[in-house]
Structure formats: structure tokens, C-alpha cells
Amino acid sequence: MNLLISNGRVVDPSQNLDRAADVLIEDGLVAKIGPGLKAPKGVATIDAAGCIVIPGLVDLHTHLREPGQEHKETIRTGTEAAVAGGYTSVCAMANTTPPNDERPVTEMIVAEAQRNGVCRVYPIGAVSKGLAGLELSEMADLRGAGCVAFSDDGKPVTNSKLMRAALEYARMLGAPVIAHEEDAFLAEGAVMHEGYYSTLLGMKGAPAAGEEILTSRDIHLVELTGGRLHVAHLSTVGAIEAVRRAKSRGLAVTCEATPHHIALTDEAVQSFSTDLKMNPPLRSEAHRRALLEAIKDGTIDVIATDHAPHHPDEKRVEFDLAPFGVIGLETAFAVCHEVLVKSKTIKLAQLVDLMSTRPARTFNLPGGTLKPGSAGDVAVIDLDGATEFASFRSRSHNSPWRGRTLGTRVVATVVGGVVRFDGRPSPAVEGKSRPQAARARGARR
Amino acid sequence: MRSQATALRSKDLLGIEPLSPEEISLILDTAEGFREVSERPIKKVPTLRGQLVINLFMEASTRTRVSFEIAEKRLSADTLSFSASGSSVEKGETLIDTAQNLMAMQPDMIVIRHRHPGSPKMLADLLPASIINAGDGAHEHPTQALLDAFTIREKFGRLAGVNVSIIGDIAHSRVVRSNIHLLTKMKANVTLAAPPTLMPAEIEKMGVRVVHSLDEALEGADVVMMLRIQLERQSKTTFPSLREYFNTFGLTPERLRRANDGAIVMHPGPMNRGVEISSDVADGPYSVILEQVTNGVAVRMAVLYLLAGGHLQES
Ligand SMILES: [Zn+2]
Numbered sequence: 001m002n003l004l005i006s007n008g009r010v011v012d013p014s015q016n017l018d019r020a021a022d023v024l025i026e027d028g029l030v031a032k033i034g035p036g037l038k039a040p041k042g043v044a045t046i047d048a049a050g051c052i053v054i055p056g057l058v059d060l061h062t063h064l065r066e067p068g069q070e071h072k073e074t075i076r077t078g079t080e081a082a083v084a085g086g087y088t089s090v091c092a093m094a095n096t097t098p099p100n101d102e103r104p105v106t107e108m109i110v111a112e113a114q115r116n117g118v119c120r121v122y123p124i125g126a127v128s129k130g131l132a133g134l135e136l137s138e139m140a141d142l143r144g145a146g147c148v149a150f151s152d153d154g155k156p157v158t159n160s161k162l163m164r165a166a167l168e169y170a171r172m173l174g175a176p177v178i179a180h181e182e183d184a185f186l187a188e189g190a191v192m193h194e195g196y197y198s199t200l201l202g203m204k205g206a207p208a209a210g211e212e213i214l215t216s217r218d219i220h221l222v223e224l225t226g227g228r229l230h231v232a233h234l235s236t237v238g239a240i241e242a243v244r245r246a247k248s249r250g251l252a253v254t255c256e257a258t259p260h261h262i263a264l265t266d267e268a269v270q271s272f273s274t275d276l277k278m279n280p281p282l283r284s285e286a287h288r289r290a291l292l293e294a295i296k297d298g299t300i301d302v303i304a305t306d307h308a309p310h311h312p313d314e315k316r317v318e319f320d321l322a323p324f325g326v327i328g329l330e331t332a333f334a335v336c337h338e339v340l341v342k343s344k345t346i347k348l349a350q351l352v353d354l355m356s357t358r359p360a361r362t363f364n365l366p367g368g369t370l371k372p373g374s375a376g377d378v379a380v381i382d383l384d385g386a387t388e389f390a391s392f393r394s395r396s397h398n399s400p401w402r403g404r405t406l407g408t409r410v411v412a413t414v415v416g417g418v419v420r421f422d423g424r425p426s427p428a429v430e431g432k433s434r435p436q437a438a439r440a441r442g443a444r445r
Numbered sequence: 001m002r003s004q005a006t007a008l009r010s011k012d013l014l015g016i017e018p019l020s021p022e023e024i025s026l027i028l029d030t031a032e033g034f035r036e037v038s039e040r041p042i043k044k045v046p047t048l049r050g051q052l053v054i055n056l057f058m059e060a061s062t063r064t065r066v067s068f069e070i071a072e073k074r075l076s077a078d079t080l081s082f083s084a085s086g087s088s089v090e091k092g093e094t095l096i097d098t099a100q101n102l103m104a105m106q107p108d109m110i111v112i113r114h115r116h117p118g119s120p121k122m123l124a125d126l127l128p129a130s131i132i133n134a135g136d137g138a139h140e141h142p143t144q145a146l147l148d149a150f151t152i153r154e155k156f157g158r159l160a161g162v163n164v165s166i167i168g169d170i171a172h173s174r175v176v177r178s179n180i181h182l183l184t185k186m187k188a189n190v191t192l193a194a195p196p197t198l199m200p201a202e203i204e205k206m207g208v209r210v211v212h213s214l215d216e217a218l219e220g221a222d223v224v225m226m227l228r229i230q231l232e233r234q235s236k237t238t239f240p241s242l243r244e245y246f247n248t249f250g251l252t253p254e255r256l257r258r259a260n261d262g263a264i265v266m267h268p269g270p271m272n273r274g275v276e277i278s279s280d281v282a283d284g285p286y287s288v289i290l291e292q293v294t295n296g297v298a299v300r301m302a303v304l305y306l307l308a309g310g311h312l313q314e315s
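As they're listed, the protein sequences go chains A and B.
Counting from 1, one number per residue, gives the positions in the first sequence under the working numbering.
Counting from 1, one number per residue, gives the positions in the second sequence under the working numbering.
Honestly, the hints are just simulated from the structure, not real lab data.
Among the hints, a few may not be true.
BS3-like mimics (lysine-lysine), calculated; alpha carbons at most 30 Å apart, straight line [stated by the list, open to error]:
no.	chain 1	residue 1	chain 2	residue 2
1	B	K185	A	K41
2	B	K11	B	K187
3	A	K204	A	K155
4	B	K155	B	K187
5	A	K342	A	K371
6	B	K185	A	K204
7	A	K155	A	K129
8	A	K247	A	K155
9	B	K155	A	K204
10	B	K155	B	K185
11	B	K155	A	K296
12	A	K247	A	K371
All figures in this text were calculated on a predicted structure; none of them were measured in a lab.
Please build the complete structure, drawing on both the sequences and the hints.
Below, the structure written as C-alpha cells:
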């Protein structure tokens, strides 16, 4: 629980910090930041020379699939993927089997995360029983068991009356409702974005208007209820506009964008690769540009992965038949650094803000900062390194970047002062390939 | 104008989109030679002797399957035909497993019809056999577009500058997409007409004119291509009734008068008489619908021949 991270460049937007410094963690909490810190006796040191040292990344939108879909991912493999990507906290979506709509499910997730998880796991409770969109789940009970937010993500809450009730009830519990915004009628049968490429490929498209309609509805409901809305995976010009207007009127609305919507467009779907099928779908270049603008001007609060593992057998089918979703925990930082920072769209500190500080603040979670006294959750990343995504720690490998090499390399991920991922070359395990060695060490508790 | 290409670049025919104008001309020129075979007393050449062609029809189709089978037999290929009903597909086998099982029989070519876009490409990426797309969902149906072009070229002596109007269910039609690729590559002028509910998003970016009036589409047309209203795919939100559809977009002899003198009427079949086309037109003097069927065999022979490594022979 004690660790010194020395010689790195500490970038912490929560305290406007960007300078060479050491970070000392004691008893799992950040104890000191400053130059020339000495490791107390018996305390291990990570040499972060040439690397950035940032508060660990926080993902507000992860599908860990456990319980019930362990062939896709488990809490163990999902959190191993998380720390490999520099994440120290993930929020687990409720659409498991059974869904997280009752206290025992939440308790199981919390217990399993403590037993076998390698990063912090915050469950998200279902808005409705069985995710059926008909009656509210026992939200207070779920909150008491540890749920940090509520969502029927995977599908929209189509019933406006239920959404109203959810926002009102969650307000009492001090928790946000996370909305997957999609007009179910307009998106019926859709497998990609509706536009030139859906026409070219003869595939059924979901028009951008469908996302905009529900986003606008929910903003009106926030106005009505005083509730707290977090819009998941924003992907269209109109939805961005709606959120921007809501914010300018001081409404309690936040939103997130995913790395894949920031980096890719529907043009890529011409390959028919099912690793490009997700919901919301990859949109057109005009929508992608609007996302970049919204990231620059602060309309987008958070970058969240929507990490959605699916077994290779489920994805090795016709595009129409494949399930929606791509994994993202291991690639998110590398992709966003390339698309946002290397392109000079935003500064590095802003990226750390979008992926760590603001996510933590948005759901009121520990982490997202290296202020003394806060959680000892840290990622050490080599910006000049590279990572080849030939294989994944996630149980699934449905990534648009499978087989690609991207700039940046996670050198170490520290959760509560414990090294949970170690990407440093290790002489101790010679003969083994490094990823395996790192996995073995990352799993040690 | 004779084609400059002498062979196809790809092992597969997945669509018209990847073809060059020279390759399209090559197929059409080669088909001319094969049309002559169909007029002989013994309609068979030994070209594909010893080659195995599998016809994998995972969606019901009589017309296209029969046309391919005749083409294969006239080229002396060994053929096997599978359809979805009663097969392992109905028992939940995936397309990839089906394809790998078929591949164990070592076919030289697989002709595939499937309801999902991109499925021929899945096979092409996986299997060494030549894959011929015989229609994948609403994506492409390249041999239909080739036989349509063959028919137009036969009537007008060229494709460039010919005014082609395509009318009907554009949204759900693979035929229209392949035809647009082919006709625009060959410099024909393409107009599409349908109610906006049957017109897919941004299709004008494919280089076509879009109108929502049958009369406007017929004005100045050399070729009137009527598309089948796919009754099974319509819901009440695409148009109110068949009666209203026929009244607004159905082709009758009176309305056809707006087209150019010598205009021809085409239909990829099967027709819905009284829905998109009246019997007077379908059976009338302008109709080339049955010639399309005959030309289909010659065009498919040309495709099979060229994919088997054949070259255009100068006569
Ligand atoms: Zn979602």
C-alpha cells in the first residue's frame, strides 16, 4: 500500500499541475507530491522517468458481463483489461444476466470485485425491473448496496412517464440517471448509422434524429423534475446541441463520448467488419467533427469507453446478425491521445481531465486527483512508447483496433498504492513473454 | 467499342462497385460470344469441364438460381445446389461453418444468394474458391446489373449518354444499387423515382438524379426500369396501399408516352402486375423483360468463364 513513483511528469488537472515531481503513496492514499522525494525504508519505487504520471483513469461506462455472461467477460478479466489500459475505476453497467436490478446482484458484483477484481468497480443499478422499461427497480435499496448511478443502458427508456419517475426518484438518492438515447421506433432493425454508407451498403440505418429526440425529451424531463441526467455515448450534432443548450441554461446535465465515435466514422463499415458494429453506431464525419468541437469547448464532460465485450463466435457472423458493441478499456487512452492530443485538438491535461478527473467528479467517485489524502490511484504512461494490440486481456477481442499498433504505452497502473498492472520489462521472468508476466504480477494482491 | 481489359483482377465478383469500366466492358463483350452458344442446336461448350460450382441459395430465388444453373451446365461444369430450407442453416449452423463444410468438397466457385449484406465478402475473405454474389440483401446483385446493361447496350448500341429511369422500391433493392454503380461508371444518365419513404438517405451522392414523380422520371427516358414492390418488406408506414401506389407510380401505356421514342421497359422480375406495372406494358411492344431473362444466362456464363481464368477471345 506504500509506493514511490519517481522522476515522472505529473499531470493532474484537478490541481492544475504539470511538472516533474515524485508521488509518494502511503497506506493507499497519496501522501506527498514534490521533487526529490525519498522512498521510506522498504517502500518500492517505480521509476517513471520519461513518462507521465496521472490520476488513474475512470470509466463511467463499462460492461463487465458478470453475472451471467462470463463467456464474454468476467469481473476478473474486465478489470485486468481496465488496469492494462490505465484505468483504476470502472462503473459496471446493469445489463447483466440477471440484470443488476436487485440488491443481491449488486452485492454479488461488489463481493466478486473485492475478491477477484484488480481495480475499483462501482455498480450501476437498473432503472427498471428486468430492464423491461415498465416499473422502477428498488433504487434506494440498490443505492444502499453501492450503486452509484442508474441506467437501463443497452436500450432506451421509451416510456416518458417512467423516465420522469426515475429522474425524480434518483434525485432523492443523490444519483444520476444515465440515459441511452435512441428512439426505438426510428431505430427499429437498424444496424448502422443512416446516411450515405447505409444506402451504399443496403443496410438498415438509425437516423441521427432518433438520438436527438430522446436527448431532448430527457432534458425537458430534467427541467420538469430537477433530476440529474448523464447522457451516455453522445454521437450526433443535434444531441450535442441539445446538451450544450441545457448546460447554458444551468440544467444538471452531463454527457460522455466514446473513443470510437471520436476516432471513426460510418465510412469504415464498408469493410463489413462486425468489430465496427455498436450502438449508437459510428456516425458520419460531420457528426464526428461536432464531437471534436464539443470536446474542445467543454460540452463533453467525459470520455467513456462503452467497453462491450462479445465472444468471437457471436461476432463471427453476418454484420446484420452480430451483437452491438466493441471493447475499449485497453485502447481508449492510446486512441484518444492519437486523435485528440497528437492532432493538437486538446492539450494532454485536458485529456486527463476528460478521462479521469471529470468522470470521478461527475459520479462523485474517489480518484481523478492526486491531491494529498486522495486515493492512491495512478497511471504511469509512456507517451513515446507504442502498444501492439495483437491480443487483449479482456476475454473478448471485438476491437476496431485489433492488430493495430498505437502510440503510448501504459507502464504501470496503481490502485490504492498497489501495482495492479506492470508493463515494465522484467528480468525476473525471462523466457516468458512480457504481457503474460505483467498479467501474473498484475493479478497479485 | 471493345474492352481493353482481357481478364478480371479479382478472384470474386462481389459487386459492381469494385469493377472498372474496362472490366464491365470485358464481361459484356464476353457475354456476346456466349449468347451465340445459346442459339446453337447443341448449347454446350467444354469450358468449365471438371470444375465444381456450388450454388448456395440461402434466400428463396427461382429465377436467378435457374439462370446460374443453366449457365453452369452450358459451360459443362459440375454443379451442386443448396437452399436454406431443410438444410443445416435452419438447424442454426453459421454461414462460416456452412461455407467451410462446402469448401471441404473443394468447389472452384460458389454462387451465393443471402439476405444479409456483406455475406459474399465474408466467404471471399475466408475461402480460396471464387465467390459470385447472386444478391446480398439490399446491397448488390451484380449479374442482374450486367444483364440489364447487356440488354440496354444491345438495344442502343452503347451505354454512355443513355437516359435510364429506375422506378419503385429503391430502398430495399439490391438491383438498383448495382445498376447505379454500373450505369454511372459507363456514363449513362440515371434518374430514380419513388415516394420519399422508399428512397434511401443521400442516394443522390451516388451520382443520380432523384425525383418523386413518375411523369418527371419518364420524361426523356430511353430506358424505363421498373422495380418490384417487395410486398413482404413493406409496412403501412412506407405507403398507404397498393392501390395508391399503382395510381402514383404504376406504369401504364398512357404514362409511358412521356418517354422517348423507342424507349424500352425493363423489369428484373418477378413482376407484380397491377402494382408497379400494368399488364399492357409488361406484355407490350416496348417490353424487353423476356430478353433480359435470355441475356441473363449469357452474362452469367461470361462471369463464370472469366472468373475461372478465361480471357476474351478475339473473333
Ligand atoms: Zn448504450
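Results of checking the hints against the structure:
{"no.": "1", "hint": "B:K185 with A:K41", "verdict": "violated, 76 Å"}
{"no.": "2", "hint": "B:K11 with B:K187", "verdict": "holds, 26 Å"}
{"no.": "3", "hint": "A:K204 with A:K155", "verdict": "holds, 18 Å"}
{"no.": "4", "hint": "B:K155 with B:K187", "verdict": "holds, 16 Å"}
{"no.": "5", "hint": "A:K342 with A:K371", "verdict": "holds, 27 Å"}
{"no.": "6", "hint": "B:K185 with A:K204", "verdict": "holds, 25 Å"}
{"no.": "7", "hint": "A:K155 with A:K129", "verdict": "holds, 13 Å"}
{"no.": "8", "hint": "A:K247 with A:K155", "verdict": "holds, 24 Å"}
{"no.": "9", "hint": "B:K155 with A:K204", "verdict": "violated, 36 Å"}
{"no.": "10", "hint": "B:K155 with B:K185", "verdict": "holds, 19 Å"}
{"no.": "11", "hint": "B:K155 with A:K296", "verdict": "violated, 59 Å"}
{"no.": "12", "hint": "A:K247 with A:K371", "verdict": "holds, 28 Å"}
Comparing the model with each earlier hint shows violations of hints 1, 9 and 11; every other hint is respected.
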